[in-house]
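> Chains D and Z, in that order, give the protein sequences.
This note's numbering applies: residue 1 is where the first sequence begins, and numbers increase by one.
This note's numbering applies: residue 1 is where the second sequence begins, and numbers increase by one.
Rather than coming from a laboratory, the hints here were simulated on the basis of the structure.
Some hints here could point you the wrong way.
To be clear about the criterion: a stretch of chain D counts as covered by chain Z if any three or more of its residues have a C-beta under 8 Å from a C-beta of chain Z, and this derived list gives those stretches [claimed, not checked]:
1. 162 to 172
2. 191 to 199
3. 240 to 247
4. 267 to 281
5. 301 to 309
A partial selection of chain D residues facing chain Z, derived with a Cβ cut-off under 10 Å [as the list claims (entries may be wrong)]:
6. K91
7. Y96
8. A144
9. K145
10. G183
11. N288
12. E290
13. F293
Taking CB as the label site, the calculated pair distances span [what the hints assert, rightly or not]:
14. P298(Z) x S77(D): 52 to 62 Å
15. L372(Z) x S77(D): 57 to 67 Å
16. E290(Z) x T75(D): 46 to 56 Å
17. N203(D) x N310(Z): 43 to 53 Å
18. P298(Z) x I237(D): 51 to 61 Å
19. N181(Z) x N203(D): 33 to 43 Å
20. G303(Z) x D122(D): 57 to 67 Å
21. G365(D) x K91(Z): 56 to 66 Å
22. D152(D) x D201(Z): 48 to 58 Å
23. N95(D) x K306(Z): 26 to 36 Å
24. E346(Z) x R198(D): 50 to 60 Å
25. P36(D) x N310(Z): 41 to 51 Å
26. G254(Z) x K366(D): 17 to 27 Å
27. P304(Z) x P40(D): 38 to 48 Å
Positions of the beta carbon are idealized from the N, C-alpha and C atoms, including for glycine.
2 protein chains.
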Amino acid sequence: MNSRRNFLQKITASAFGIPVLTAMNERPSGILNEVPYEGPMLKVAILGLGSYGNRVAEAMQSCSMAKVTGVISGTPSKIKDWQAKYNIPDKNCYNYENFDNIKNNPDIDAVYIITPNALHKDQAIRVAKAGKHVICEKPMSINAKDGQEMIDACKKANVKLLVGYRMHFEAKTLEILRMRNAGDFGKVLFFQGLCGFRIGDPNQWRLNKALSGGGAMMDIGIYAVNGSRYMIGEDPIWVTAQETKTDPVKFKEGIDETIQFQFGFPGGAVASCLSTYQMSNLDRFFLNGEKGFAEMQPSTGYGPIKARTNKGELTNPHITHQTTQMDEMAAIILQGKKAPVPVDGEEGLKDLKIIDAIFLAVKTGKKVELKL
Amino acid sequence: MNSRRNFLQKITASAFGIPVLTAMNERPSGILNEVPYEGPMLKVAILGLGSYGNRVAEAMQSCSMAKVTGVISGTPSKIKDWQAKYNIPDKNCYNYENFDNIKNNPDIDAVYIITPNALHKDQAIRVAKAGKHVICEKPMSINAKDGQEMIDACKKANVKLLVGYRMHFEAKTLEILRMRNAGDFGKVLFFQGLCGFRIGDPNQWRLNKALSGGGAMMDIGIYAVNGSRYMIGEDPIWVTAQETKTDPVKFKEGIDETIQFQFGFPGGAVASCLSTYQMSNLDRFFLNGEKGFAEMQPSTGYGPIKARTNKGELTNPHITHQTTQMDEMAAIILQGKKAPVPVDGEEGLKDLKIIDAIFLAVKTGKKVELKL
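My request is simple: use the sequences and hints to build the entire structure.
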């Protein structure tokens, strides 16, 4: 992986007299040792060549343990572009009809599914049946039932199933969890996750229930759902939720615009969250304990996370999230490494169970008990 | 009112070459003109000589239009202390049995009721019947029914009824409302008020339902209730709420420890709030609009408020809240001035109606529609 980006990174680092390997060792869970990694790379095909797929592939240019080796797409022109950009041979290119043939391709260890949510389940099951590991963008699927089927299929095929929770490897996030575990905040009592943005084009798949399975909740609210769990360090035991829709033309039946939701946790902590497609750049986490607090803003965006606690500003360096994620996922798949916060199918399924419960709470107006 | 504090303020201002009157004109709604105020003072008796009563009296030492002229208390030793401190003659001192006699005392224009919540109603009605204006600490009473009786009694007696909403005169708060009205945040869509502290002594009246009428909600949660309304600029049309109790020994039946509550507003905005006696120093407001935001932290504490918006940090100077409040209330009573945000009985009643609805929502687990 002597990509231009890697090369530039090394030059830059050297220019400031910082040993490259030391800098790389600052990654949250330190994949690399003093010696550069020279073991096998995780060979990844990207399924779905949209803008996020492109972001992942770009980020993987800087990976040490994972590389893009194949593509699966329904759009021949996109395949051509990617082949040129990432040096992918014809034999590693597939479309939605023939990608079961990856089964016989030793250039592909895993497939990263980055397609509309409703397609994840069938695609994951096909990848599993082809004997390849599944990495699936969040939400893992559009409901818990589908999520369970994916888990079952991967278990049966004896392949790994990982969900694209990039924040589970983010340095400042992990530092806050370390501090929480060390008791720096005292008993944790409250979490607030405000996640939203103002969505544009009304014709995009994210606003089409058949493809997305829901609106803001599936897309951006899930960060607050998942964040509640890793920030508190427990799974919620109840949920209440309230939906508000100000633009029923843009946000049709089944596409949530704004949902407020609340959790209760076994230890007595509570969470108050907001998921919205109607407010710009809402990206705030706040964790409050008996003795201290942590706040993050932005908390889950792609750019550098900003975080401070009662002890001051966190200074962990920013590394492109998807680079770290893919290196760590490679270590999980190739070396059986344990993720700092789980990213497996069971983890994805928990969020889906909670989202199912949020939708039920909205519909019934009642508190929904959870057993995760 | 040539108190030592006033004197020191003037000296300090002069030392920096700032004309005193200009500095004083920076008060949010500018009571003072270029010429020092020399009209009549509002003569105020304090009913209830506890720590907050003392804070108000202290702050009033710097008032230009209001002064402490009398006291009402059940504790003779407290009365003695106050007489000495504030130079109050014997004829202006009353106890809970005889204070109806203020009727005949020209040294008292108004009574500021600063007693446990459940006592407000009867005391306010007695003050009104004595023909004196009523200033009542928040919450105005323990439920909407009692609040309405207070309003009726004051109307009948033709006296003013004001509620101690000191934030309604606070400079940074008002600057944010000005910016909101000027469209600096665009359409306002979300408010979050997190209000709480860790309450100490389990034997205090605030944890005795018969005196307090409720727990954290009546005491500190009301700031988020009231703040939701003045920050959004509308009254909510529905409320949902969830209670969590981790310490049922300290927080007995009817004394809420932690309540999360949510509002919907006619314009489509929503609010997510927290009221708690279990978390230390939780004092945060966040207002989010289509184009901008305002955040305050601390947002309602006594010390200087800190506030920033998408346009930067607010720099309005801090003036002791209760000083401004009492000068402004004097202007309302003596000059018929309009408050920047209402502080009358109807305003207090709205919060009580909402708190009644929050308790009902907790009890029923259902959304409660509001018509304020």
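> Are the hints correct? Go through all of them and say.
The hints, checked one at a time:
no. : hint                          : result
1   : 162 to 172                    : violated (count 0)
2   : 191 to 199                    : holds (count 3)
3   : 240 to 247                    : holds (count 4)
4   : 267 to 281                    : holds (count 9)
5   : 301 to 309                    : violated (count 0)
6   : K91                           : violated (50 Å)
7   : Y96                           : violated (39 Å)
8   : A144                          : violated (23 Å)
9   : K145                          : violated (26 Å)
10  : G183                          : violated (15 Å)
11  : N288                          : holds (6 Å)
12  : E290                          : holds (7 Å)
13  : F293                          : holds (9 Å)
14  : P298(Z) x S77(D): 52 to 62 Å  : holds (56 Å)
15  : L372(Z) x S77(D): 57 to 67 Å  : holds (58 Å)
16  : E290(Z) x T75(D): 46 to 56 Å  : violated (35 Å)
17  : N203(D) x N310(Z): 43 to 53 Å : violated (30 Å)
18  : P298(Z) x I237(D): 51 to 61 Å : violated (32 Å)
19  : N181(Z) x N203(D): 33 to 43 Å : holds (35 Å)
20  : G303(Z) x D122(D): 57 to 67 Å : holds (59 Å)
21  : G365(D) x K91(Z): 56 to 66 Å  : holds (59 Å)
22  : D152(D) x D201(Z): 48 to 58 Å : holds (56 Å)
23  : N95(D) x K306(Z): 26 to 36 Å  : violated (57 Å)
24  : E346(Z) x R198(D): 50 to 60 Å : violated (36 Å)
25  : P36(D) x N310(Z): 41 to 51 Å  : holds (45 Å)
26  : G254(Z) x K366(D): 17 to 27 Å : holds (23 Å)
27  : P304(Z) x P40(D): 38 to 48 Å  : violated (60 Å)
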